[in-house]
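S.K.: One-letter residues, chain by chain:
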Amino acid sequence: MPTQLHSSFTLSALDYAGLDARDELLHPSGQTRPHWQRFYEDPRGLNRNLAASRNARLKRGLLENALTYAITDPANRQSARPLSVDPVPLLLNEEDWSSLKKGARQRAKLTNAVLGDLYGPQTLLKKGLLPPALVLGNPDFLRPMHGIEPAGGVYLQSFAMDVTRGPDGKWWVLRDHSQATAATGFALENRILLGQLYPEMLRALNVRRLAPFFQTQQNHLAALSGKDEPRVLCYTSGPRDPRYLAQAYMARYLGYTMAEGPDLTMRNGKVYFKTLDGLKQVDVILRQVDSHLCDPLELETSSMVGVPGLVTALRSGGVAVANAVGSGLAETGALAGYMPALSQALLDEPLALPNMATWWCGEPGAAAYVQDHFDELNIGPAFDGDSEIERAVLQASPAQRKDLLTHSGHRIIAQERMALPTTPVQVRDQLVPAPYIMRIFVTASGDDYQVMPGGLVLSGQPGRTASTADFSPTMTKDCWVLAKEHEESITLLPRDDGAVKIRRTGKDLASRAADNLFWLGRYVERTEVSCRLMRSVISALTQEGQVAADPASLAAATLPLMRRAGLNSGKNKKPVGAFPDKLRRILSDKTLSYGLFNCVVSIQGTAGRVRDRLSVSTFRTLQKLRDQQQALLPLSSEDVDLNNALPALDDMIMTLNAFAGQSLENMTRNSGWAFLDMGRRLERGLHMVESLQQLLVTMGKVRDGRLVLLLDLADSFMTYRARYMTNPMVAPVLDLLLLDETNPRSIAFQLSQIDHHLQQLDGPAAPSPALSPERHMIYSLVSELRLAHVEVLSNANEKGMRVELSKMLRRFETSLLEFSPLLARSYFSHAEMMTGPASKPEPALRLDA
Amino acid sequence: MTSAQAVETSKRYSVRHLTRYRYSQNVSLSQHFLHLLPRATATQRVETAALNVEPAPATRRDTVDYFGNPTCLISLDEEHIETVLLAQSQISLQRAAPPDPADTAAWEKVRKRVHEGRSKDLLFVHQYCFQSPQTKAGLAAFTLGQQFFEPGMPILEGSMALMDHIFSTYKYDPEATDVSTPVDEVIRIKGGVCQDFAHLQLACLRAIGLPARYVSGYLLTHPPEGQERLQGADASHAWLSIWTGEHGWVDLDPTNNLIPGDEHITLAWGRDYGDVSPINGVTFGGGAHSIDVEVDVIPL
Chain U
1 MPTQLHSSFT LSALDYAGLD ARDELLHPSG QTRPHWQRFY EDPRGLNRNL
51 AASRNARLKR GLLENALTYA ITDPANRQSA RPLSVDPVPL LLNEEDWSSL
101 KKGARQRAKL TNAVLGDLYG PQTLLKKGLL PPALVLGNPD FLRPMHGIEP
151 AGGVYLQSFA MDVTRGPDGK WWVLRDHSQA TAATGFALEN RILLGQLYPE
201 MLRALNVRRL APFFQTQQNH LAALSGKDEP RVLCYTSGPR DPRYLAQAYM
251 ARYLGYTMAE GPDLTMRNGK VYFKTLDGLK QVDVILRQVD SHLCDPLELE
301 TSSMVGVPGL VTALRSGGVA VANAVGSGLA ETGALAGYMP ALSQALLDEP
351 LALPNMATWW CGEPGAAAYV QDHFDELNIG PAFDGDSEIE RAVLQASPAQ
401 RKDLLTHSGH RIIAQERMAL PTTPVQVRDQ LVPAPYIMRI FVTASGDDYQ
451 VMPGGLVLSG QPGRTASTAD FSPTMTKDCW VLAKEHEESI TLLPRDDGAV
501 KIRRTGKDLA SRAADNLFWL GRYVERTEVS CRLMRSVISA LTQEGQVAAD
551 PASLAAATLP LMRRAGLNSG KNKKPVGAFP DKLRRILSDK TLSYGLFNCV
601 VSIQGTAGRV RDRLSVSTFR TLQKLRDQQQ ALLPLSSEDV DLNNALPALD
651 DMIMTLNAFA GQSLENMTRN SGWAFLDMGR RLERGLHMVE SLQQLLVTMG
701 KVRDGRLVLL LDLADSFMTY RARYMTNPMV APVLDLLLLD ETNPRSIAFQ
751 LSQIDHHLQQ LDGPAAPSPA LSPERHMIYS LVSELRLAHV EVLSNANEKG
801 MRVELSKMLR RFETSLLEFS PLLARSYFSH AEMMTGPASK PEPALRLDA
Chain W
850 MTSAQAVETS KRYSVRHLTR YRYSQNVSLS QHFLHLLPRA TATQRVETAA
900 LNVEPAPATR RDTVDYFGNP TCLISLDEEH IETVLLAQSQ ISLQRAAPPD
950 PADTAAWEKV RKRVHEGRSK DLLFVHQYCF QSPQTKAGLA AFTLGQQFFE
1000 PGMPILEGSM ALMDHIFSTY KYDPEATDVS TPVDEVIRIK GGVCQDFAHL
1050 QLACLRAIGL PARYVSGYLL THPPEGQERL QGADASHAWL SIWTGEHGWV
1100 DLDPTNNLIP GDEHITLAWG RDYGDVSPIN GVTFGGGAHS IDVEVDVIPL
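In order, the protein sequences belong to chains U and W. Position one of the first sequence corresponds to residue 1 (this note's numbering), numbered consecutively onward. Position one of the second sequence corresponds to residue 850 (this note's numbering), numbered consecutively onward.
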């Protein structure tokens, strides 16, 4: 029994005893297979002493990436990476690899040819090489796509297949992926992570590199457009798609902007990306959205992730989409049995890689076999997503099953069960065999195909055996193809040959992204304002502190928030006794749309939608907010002292300040930054207008406490003290909070910043001499402040009303509330969401006879 | 013998189909995919046909879809608050006497012929043997279909018996269903409108492997005795067609329990309503909207 084959690592004797499936590491004789030897013995390879640190580093690396690419919101858990990575790669030698590579390349070619025939002349059906039901009864045969020639004549730009191995090492195909293959993103991520674990081994073992594969893919996609600098986008259905993380990883590596359906529009037979600078024509779309959802006009009408008119654009040749819309047709397992004959007919060569034995019950003979051997086979739907038939078959009595196989046989396939091979995974400091399957990726290259040397290994429960019937992956692994000779390294990083155009601006900013950044700015500021307000009020209520305002002032200061939160119906006539309860609700009530809980939810949501515009640390900072807000939830109970809210509020304010600092320091001053900052400035300006209205307008003889509260809310108490060594007085406070353009909390400061951003967005040479409506508005407000006299504004009449101040603030409030819609009309109108399908007239007629 | 052989009469009609969308706020963009212009058939000649859209679309593409129906894609790129689609056509219909139901081929023979056929025409018929998105149904449709097709049953006779069953068992009830009610639900509530009855019968026929297609169109209505025709009071209609082998396609109207003659005007056909829906549209902006439809079928 081999327990300590090599000094570097322990094999788990128990698990390796009595394996009857093929194992990748151990030969049946108990010897390590030769191509594993070096990796196994080299101290830079599978060194036992480094097992724990490898795990820790992988975990950290994965977390970084998940935070970089996914929204780790609990409500969106599916967008986190589903499977972690094992630090032990699967090693394949050149003989292993060459048959796989040959088979994958041939299979991609063949699948492309099949698609070309079925979406074209359909000779395969006419000659009887494929049964009609397999195509005509397949929901993935998209009739509107029939007869539309794809760009370059290629239907399949990327392809993947899942394979397994028999005890003799022979490869078998389990299933094909012809829709989209974003999982290349995970293969890439695994390689990058393992490259960090074994930086020298990759080179020492001549591990074939993945970069050339992606370079081929890039070149191929670019060539589809026939342009020198084509605009290539990665079209996804958004963060709710479980594949989003892989898509984001792949898109970033390939250098493609991610676009969702609402970011794209069809005009006059072409597809455009909606950016802040207007509509930009899209040349190539790397499609990650399932075909039938791509166009709500001609395909599935209920799709909310589609691009209306995309099929029309394809028909006009106005855009290239890869893979061709409709390519999912070739994913059906029903094709398996026909592949050998198809290969002969279409490629004139024998099929290189066999399929697992598969019975498609659309053939009466196969249906009869399946009926007799039902319990020995893997039964499933023939067509992707047909869960109804799967359920029906599994629930049917034997008699009903026979009916089902008769009238819906074409929707059912059965596959033989086969024991899966095993490969070692690291469990603590031992190697334990785990069952696995592997996904192989192929990209088109001109009219040929290239196979990624490696792939994504999916491994199951370590120490268990599994068959194709009960396999469920728990982990992914990298796959190293060991070349006999060393190859030159290629990277996708641009080479320094001077050909790159220097750019100071980012790539196109989608209107939707600008819209989201604007709202992110607003939500962040709104949250901060509410936190400050709560902190000041609670301190004043419960403690002897700097702010010793009277209850009426506190109520007045919180009135606008309470109103918005629906906690106050107009006049505040309730006794102050109810006041603390309202504060508790703002702090902890999950149902209040203006409560702190939902403020944080809004921040997380909008931040997630512009995830690719924020740095990792900025995004993480925002993640902290949620935990900090959780600490406020116990405040809903009256048994918890209100004071207990203060530490959490402090934390939240600190976090929000950190976010402000990070975005100030880290974001380039492009239009994205402008929208984030304008959102923040607008919200802060509005809040200051409200505070002045509440606390300064109606009171003639302002009590000190009220002015101190105002300064505290504006975080300007220290500034005031530094300038005026006196207790607060109306005119200087008003100057500081309203007119002073150097105080980052004043209304004047907010407006002049917005004005500056608008000026930048207009560009140096505005096309029209007239100011845009939003700029005109802000400019006139800024001018009004510059011309204002603080003494006039401070004057109260005999009833204690500051009439001039009141008039001015009301004007400002009205204007600022109109700013958002004005901005939207100028910049986000393309971002307008589809309001849905138009009502359909229902045919309804019956003769009254 | 073909279905168009026994020509008795020919009738002419003018068809006017007006659809008006009104929005509560401006729409910045609306795009529609239309099946509003009639196709020619073995018995139907389209003398004139025109589609007029207000406001004028920035893009308009007229094509023919996979099933041979005329379609039109329009894109209205300028702000608008109303869209009016007016389709007008003149049609002449020849009345073809339907085959004697008892004289049609046994249903199993028809099925075998279609399932084994490999010619372009038979492949095209074959596609109508399968479930489509709106004719999906469970075992109930299969059971129902089987009842009317004993071994050797002539296909048209069985189909008409099934049609009669639907007509007499299912209640015409415009409130019971909407455009997306699934067949299983129609079977459960035993009610619906023409579209539901067509989908139901299609589901039953297809469950036993027979080729049948959905037909969308119009029906001439007769005002009550002594009253004037009301303008715009007609409506779209839907029925189905079964392929009977040597007698070709024969239309069946389960809503009225009859074989359509020279008062059913065909607009388009496909696997189900989804393939030929008169208007598939999306709008951006616009707030709430209302839709008005006026249809007039006037004998000439």
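Don't read these hints as lab results, they were simulated from the structure. It is possible that some hints are incorrect.
Label pairs and their calculated CB-CB ranges [as the list claims (entries may be wrong)]:
hint: 1; chain 1: W; residue 1: Asn901; chain 2: U; residue 2: Leu129; range: 33 to 41 Å
hint: 2; chain 1: U; residue 1: Thr591; chain 2: W; residue 2: His1071; range: 53 to 61 Å
hint: 3; chain 1: U; residue 1: Gln760; chain 2: W; residue 2: Ala1137; range: 32 to 40 Å
hint: 4; chain 1: U; residue 1: Gly317; chain 2: W; residue 2: Ala1137; range: 48 to 56 Å
hint: 5; chain 1: U; residue 1: Leu347; chain 2: W; residue 2: Asn901; range: 45 to 53 Å
hint: 6; chain 1: U; residue 1: Ser397; chain 2: W; residue 2: Ala1137; range: 22 to 30 Å
As a list, the in silico DSS-like pairs of lysine-lysine whose alpha-carbon atoms are at most 25 Å apart [claimed, not checked]:
hint: 7; chain 1: U; residue 1: Lys402; chain 2: W; residue 2: Lys1020
hint: 8; chain 1: U; residue 1: Lys126; chain 2: W; residue 2: Lys969
hint: 9; chain 1: W; residue 1: Lys985; chain 2: U; residue 2: Lys402
hint: 10; chain 1: W; residue 1: Lys961; chain 2: U; residue 2: Lys126
hint: 11; chain 1: U; residue 1: Lys402; chain 2: W; residue 2: Lys969
Predicted model, so just to flag it, every value in this text is computed and none were measured. Ideal Cβ placement from N, Cα and C applies to all residues, glycine included.
S.K.: Next step is simple, just say for each hint if it's right about the structure.
M.R.: Each hint tested on the structure:
A C-beta distance of roughly 47 Å is found between Asn901 (chain W) and Leu129 (chain U), which places it outside the suggested range of 33 to 41 Å. Judged by the Cβ atoms, the range 53 to 61 Å given for Thr591 (chain U) and His1071 (chain W) holds: they are separated by roughly 58 Å. Take Gln760 (chain U) and Ala1137 (chain W): their Cβ atoms lie about 38 Å apart, and the range 32 to 40 Å holds. Restraint check, Gly317 (chain U) to Ala1137 (chain W): a C-beta distance of roughly 38 Å breaks the suggested window 48 to 56 Å.
Our hint of 45 to 53 Å for Leu347 (chain U) and Asn901 (chain W) holds, since their Cβ atoms are close to 52 Å apart. Between Ser397 (chain U) and Ala1137 (chain W) the beta carbon distance is about 50 Å. The supplied range of 22 to 30 Å is therefore violated. Between Lys402 (chain U) and Lys1020 (chain W), the direct Cα distance comes to roughly 33 Å. Violation of the 25 Å bound is thereby established for this hinted pair. With a C-alpha separation of about 7 Å, the suggested pairing of Lys126 (chain U) with Lys969 (chain W) holds against the 25 Å cut-off.
Of the pairs offered as hints, the one joining Lys985 (chain W) and Lys402 (chain U) holds, with about 19 Å between alpha carbons and a cut-off of 25 Å not exceeded. At most 25 Å may separate the alpha-carbon atoms for a hinted pair to count; Lys961 (chain W) and Lys126 (chain U) meet this at roughly 16 Å. Annotation: proposed proximity of Lys402 (chain U) to Lys969 (chain W) is violated, straight-line Cα distance about 31 Å (limit 25 Å).
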